[in-house]
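> Now for the letters of each chain:
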Amino acid sequence: MLLGMPLPWLLVFLPWVGAIALALLPKERPAALLNIGVSALSLLLALGLLAVPEGEQGWTRVDALNIPLLLLGFLIGLTTAIFSAGDIAAERFDVLRLRAYHAAFQGFMGAQALALLADNMGLMWVAIEIATLASVLMVAVHGTPPAIEAAWKLFILCGVGIALALLGTIFLYLAAQPFVGHGDSGLSWAVLQELAGQCDPGVLNLAFVFLLVGYGTKAGLVPLHAWLPDAEAEGPISISAVLSGLLLNAALHAVIRAKAIVAAHPGTVPPGPYLIGLGLASVLLAAFALWRRHDARRFFAWSSIQHMGLAAIAFGLGGPAANLAGLLHMLGHSLCKSAVFFGLGHAARRRASQKIADISGLIATHPGLGWGLAIAIGAVAGLPPFALFASEYGLLTEMVGRHWWLSLPLGLGVLVAASAKLHTLQLLCFGERLPDVAPPPGAPAWTLVPLWLHLALALVLGMALPEAARALLAAAAGIPG
Amino acid sequence: MTFGQLPYDVAHLLGGCMLLLSFVLLYQRGVAAVVNIFAAQGAVLAAAAAWQGFVQGAPQLYLTALIAFAAKAVLIPLALRILIRRLDLHRNVEPAFGIGPSMIAGVALVALAILVVLPITAGSRAIAREDLALALSVVLLGMLMMITRRNAILQVVGLMSLENGLILAAVGVAGMPLVVELSTAALVMLLLVVAGVFVFQIRERFDTVDTALLDPHRGERP
Numbered sequence: 251m252l253l254g255m256p257l258p259w260l261l262v263f264l265p266w267v268g269a270i271a272l273a274l275l276p277k278e279r280p281a282a283l284l285n286i287g288v289s290a291l292s293l294l295l296a297l298g299l300l301a302v303p304e305g306e307q308g309w310t311r312v313d314a315l316n317i318p319l320l321l322l323g324f325l326i327g328l329t330t331a332i333f334s335a336g337d338i339a340a341e342r343f344d345v346l347r348l349r350a351y352h353a354a355f356q357g358f359m360g361a362q363a364l365a366l367l368a369d370n371m372g373l374m375w376v377a378i379e380i381a382t383l384a385s386v387l388m389v390a391v392h393g394t395p396p397a398i399e400a401a402w403k404l405f406i407l408c409g410v411g412i413a414l415a416l417l418g419t420i421f422l423y424l425a426a427q428p429f430v431g432h433g434d435s436g437l438s439w440a441v442l443q444e445l446a447g448q449c450d451p452g453v454l455n456l457a458f459v460f461l462l463v464g465y466g467t468k469a470g471l472v473p474l475h476a477w478l479p480d481a482e483a484e485g486p487i488s489i490s491a492v493l494s495g496l497l498l499n500a501a502l503h504a505v506i507r508a509k510a511i512v513a514a515h516p517g518t519v520p521p522g523p524y525l526i527g528l529g530l531a532s533v534l535l536a537a538f539a540l541w542r543r544h545d546a547r548r549f550f551a552w553s554s555i556q557h558m559g560l561a562a563i564a565f566g567l568g569g570p571a572a573n574l575a576g577l578l579h580m581l582g583h584s585l586c587k588s589a590v591f592f593g594l595g596h597a598a599r600r601r602a603s604q605k606i607a608d609i610s611g612l613i614a615t616h617p618g619l620g621w622g623l624a625i626a627i628g629a630v631a632g633l634p635p636f637a638l639f640a641s642e643y644g645l646l647t648e649m650v651g652r653h654w655w656l657s658l659p660l661g662l663g664v665l666v667a668a669s670a671k672l673h674t675l676q677l678l679c680f681g682e683r684l685p686d687v688a689p690p691p692g693a694p695a696w697t698l699v700p701l702w703l704h705l706a707l708a709l710v711l712g713m714a715l716p717e718a719a720r721a722l723l724a725a726a727a728g729i730p731g
Numbered sequence: 269m270t271f272g273q274l275p276y277d278v279a280h281l282l283g284g285c286m287l288l289l290s291f292v293l294l295y296q297r298g299v300a301a302v303v304n305i306f307a308a309q310g311a312v313l314a315a316a317a318a319w320q321g322f323v324q325g326a327p328q329l330y331l332t333a334l335i336a337f338a339a340k341a342v343l344i345p346l347a348l349r350i351l352i353r354r355l356d357l358h359r360n361v362e363p364a365f366g367i368g369p370s371m372i373a374g375v376a377l378v379a380l381a382i383l384v385v386l387p388i389t390a391g392s393r394a395i396a397r398e399d400l401a402l403a404l405s406v407v408l409l410g411m412l413m414m415i416t417r418r419n420a421i422l423q424v425v426g427l428m429s430l431e432n433g434l435i436l437a438a439v440g441v442a443g444m445p446l447v448v449e450l451s452t453a454a455l456v457m458l459l460l461v462v463a464g465v466f467v468f469q470i471r472e473r474f475d476t477v478d479t480a481l482l483d484p485h486r487g488e489r490p
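Protein chains in written order, with this note's numbering: chain A, 251 to 731; chain B, 269 to 490.
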């Protein structure tokens, strides 16, 4: 059945078939291996997208904007599956939770691929909704009161968020209705972008407000961020890596697509300033909130809010240079942040706590892990030579050139956040040496491979981007307008 | 199509009924009564969808109507009633915000919805734009209900009422593709929320489903 499908659909349904198989598999070891296998096969198939001609086919489209995000998404899916295989024994799942966890993981992978691939805005909405449901299940899987609280918050806040996004989608169709007539093409992103110039600007404005608030909730933009720190702190550790690495990107990608439609009409209220406003609020609030965190996973969840804010500012500015910085920032953030969560996962297992004060002095006791985590946190803080330095530098120079007065709060936010991260780096890795609480779980050395692989890729992204990848990203930067 | 023609008048009547029921949801104190009113709103939504299917000659909307009726007027209210009996929630629940102020806020939101939708949709057909104003009002009132109620079941009812407004908007826009698929997907989410409330209760993690009790787990203390 799968063989006859076009490649984009295969990328969605392969993980979903894998999810069904994993839901039936009660043994820990085979399930973890099958999870790796499905993820690896998906990544291989995703590489095949490079050979697919760009443009829309039916309800899906493949273009320069979603190819890099998809490739990165499936890569992080694979590395997270590898990390999870090494870590799963320590989660102590019973059979039911084990099956739910693996099935939700692959269900989520298929849904985020569909959210990125969808050309039809209705289909994109359904995909983001499925991704939300899968992430609720992953966050709640432990069933402890804090996990249930986090999942409940995620469910209610994102439930309202995606409900509003649906309303925005309906308004989008209402705007295009006089020109497209009946049929599925009325929700096609390509058709909408082409017709936007003739649509009623007022309806487009209203649609954008609802789409921004709706998908912005999922992207964790302030003031719609409240679910994110809880969700990333309470689920299994590998879930934090995919939540911050993939879910936020899929949501921000939806916002960018909506912006591209609305900005195509010269008479609308420009959508850029809204994105810049939400982005600046995210950067500033997160920068100061970072100083008050005691829980390491919550700390890095707030850092995700800050980085999503930076990317939103970049796309709000618009233009090729700023869009390129924004896209690079999304990719770099996913790589570095999931690397941090891999390192943090190992550290939290050894110290049997995820409080910053309890993990202190990691380099003295575990040099390999400690240095890996230290470098990853440095990369997240935006230190050179990693990708986030390149993108933040690009964003700041673009901001100084276009609205110099906005670069003051932006620079302040970036500096305060970076210093908070370096402070935490110092506490976690170099602070007072604490003994391990739990006996070493005996995790083999290969479970650290994902961490170093992500750092190497972030380095390549920041320093030595291959020409083909540069051309792809430059083409992608032209899409949001 | 304007005032005085049957398709327009009936669509308005049904949309207005939904808005009225949203206000009733806003001021009800009893949990059981809120569930009954939500069931009534679901039934009116089904009627509105079926009427739009008839007016627009779009048979797929009958399916939307059927699904809405089965789920929102019958199944979900039934499940919530069982839950209320099991939890012994027949007492009244005071809203966090006070009845009077929430009614005033509700009226202000309806005025906002009308002021926002009517001017910018001047080019659309009258039936669509006034239906949209009603639908947006229902959405905003559902949101207000979620804000003013702290009890988990009432918040879920608020979310579902919000989603009723969405479906009303979707069926009111003639020719909207994927209406059946989108409304079904939204419904799946609601069913899972309700299932979530059920599961929490069966496991007896919390003594009540008052979300204020969840706050101490936030873990921000050093």
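Note that these hints are calculated values from the structure, not bench results. Because the structure is a prediction, the values reported are computed rather than measured. Among the clues, some could well be false.
Stated by the list, open to error - Derived Cβ-Cβ restraints for the label pairs, each shown as a range: (1) Ile415/B to His673/A: 33 to 41 angstroms; (2) Leu295/A to Val456/B: 25 to 33 angstroms; (3) Ala290/A to Ala463/B: 31 to 39 angstroms; (4) Arg354/B to Lys277/A: 29 to 37 angstroms; (5) Gly254/A to Val456/B: 45 to 53 angstroms; (6) Val687/A to Val342/B: 51 to 59 angstroms; (7) Gln273/B to Gly517/A: 27 to 35 angstroms.
Stated by the list, open to error - Which residues of chain B face chain A? A partial, calculated answer using Cβ under 10 angstroms: (8) Val278; (9) Leu281; (10) Gln423; (11) Leu434.
Built from N, CA and C at the ideal position, the CB exists for glycine as well.
> None of the hints should be skipped; say for each whether it holds.
Structure-based check of each hint:
Remark: the range hint 33 to 41 angstroms for Ile415/B to His673/A is upheld by a beta-carbon distance near 36 angstroms. Our hint of 25 to 33 angstroms for Leu295/A and Val456/B holds, since their Cβ atoms are close to 27 angstroms apart. A hinted range of 31 to 39 angstroms for the beta carbons of Ala290/A and Ala463/B is consistent with their spacing of about 33 angstroms. Checking the proposed 29 to 37 angstroms range against Arg354/B and Lys277/A shows it holds: the Cβ atoms sit about 36 angstroms from each other.
At roughly 27 angstroms, the beta carbons of Gly254/A and Val456/B sit outside the given window of 45 to 53 angstroms. Checking the proposed 51 to 59 angstroms range against Val687/A and Val342/B shows it holds: the Cβ atoms sit about 53 angstroms from each other. The hint said 27 to 35 angstroms for the Cβ distance between Gln273/B and Gly517/A, and at roughly 33 angstroms that hint holds. With a cut of 10 angstroms, the hint placing Val278/B at the interface with chain A is violated, because the nearest CB-to-CB distance is about 21 angstroms.
Annotation: interface hint on Leu281/B violated; nearest CB of chain A at approximately 22 angstroms, more than 10 angstroms. Given hint, Gln423/B at the interface with chain A, holds; its Cβ is 6 angstroms from that chain's nearest Cβ, closer than 10 angstroms. With its C-beta approaching chain A no nearer than about 5 angstroms, Leu434/B sits inside the 10 angstroms limit, and its interface hint holds.
The structure fails hints 5, 8, 9 (numbered hints given earlier, in ascending order).
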